[in-house]
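Engineer: Just need the whole structure built from these sequences, with the hints factored in.
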Amino acid sequence: MQRAWLLASILCATLCWGSLHAAQAIDDEPHFIASLQLGSAPDVRYLDAAGRTLDYAAFAHQLREGRTYHGTRDTRSGQAVLRIAGAAPGHRGIRLAFGRGDAFPPFELPSLHGDVQRLSALRGRYTLVSFFFAECGPCIAEVPALNAYARAHGDMNFVAITYEDAATARRFQAERGLAWPILHDGQALIDVLGVDTYPTLMLVDPAGRLAGTAVGMTLRQDDGQRQAELGRWIELWKGGGAR
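Under mature numbering (1 follows the signal peptide of the UniProt record, and there is no 0), read the sequence shown as residues -22 to -1, 1 to 221, first letter to last.
Treat the hints as calculated values from the structure; they're not laboratory data. Every residue, glycine too, gets a C-beta built ideally from N, C-alpha and C. Honestly, I wouldn't trust all of these hints.
Stated by the list, open to error - The calculated lysine to aspartate or glutamate pairs, modelled on EDC-like cross-linking and capped at a C-alpha distance of 16 Å, are:
(1) K216 x D183
(2) K216 x D80
(3) K216 x D133
To be verified - Label-pair restraints from in silico Cβ distances:
(4) A12 x A99: 23 to 33 Å
(5) E7 x R187: 24 to 34 Å
(6) G209 x R54: 12 to 22 Å
(7) S98 x A145: 19 to 29 Å
Structural biologist: Okay, structure coming up:
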């Protein structure tokens, strides 16, 4: 059976999936995967709303019940992660689906420079990823520490991701002075990861695996102390001593 796509935008149709709904469940996994147009022999991971791994039968069963899903993929490699949207019964909110050592989900997101940023382009270096939104007070407060840390560590990649649109992200950059590359319209990736508290920082190792996460952290008020605390966390993550 052919799956009906519900796409939020033309951009999302080509780069990501967000809040997709199956009008008709597909019982045949090869047929379903072929409909995603991921290329030959794609690597697909299925997750429930709480971030637990599902087999395809369980994933398709939830689609039959009318659940929607979010997804991210890398069109070059065909890797994809699909996660059931919304909270699972009896579960409060969405939890992070990826822990230390897990491969960071593939993504392709538009940047404020007008190009598309892929996870694959960041490999070979540690990458610090900051999830933010424009009106988030703690996100605003951490900007000087993030800028200072990036200036002092030219051997790393730095990427800030927001679910907001390009205009809002550009206004945040202009008003708050965040010097990092900013990727916008990242809701699909954010939902797949399960990020629902801001700010959230994630460190990705040179092989593309998650090395550490700080969710809703509160950095100290003094900018120097903030930068020192950030540096301490990252060194612990690199050494495998923090979560």
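Engineer: Confirm or reject each hint.
Structural biologist: Here is what the structure says about each hint:
Restraint check for K216 and D183: the C-alpha separation of about 8 Å stays at or below 16 Å, so the hint holds. Our distance criterion of 16 Å between C-alpha atoms is met by K216 and D80, whose separation comes to about 14 Å. Annotation: proposed proximity of K216 to D133 holds, straight-line Cα distance about 14 Å (limit 16 Å). One distance hint, 23 to 33 Å for the beta-carbon pair A12 and A99, holds here, with the actual separation near 27 Å.
A hinted range of 24 to 34 Å holds for the C-beta pair E7 and R187, which are about 26 Å apart. With their beta carbons about 33 Å apart, G209 and R54 fall outside the hinted range of 12 to 22 Å. Our hint of 19 to 29 Å for S98 and A145 holds, since their Cβ atoms are close to 28 Å apart.
Violated hints amount to a single one, hint 6; each of the other numbered hints is respected by the structure.
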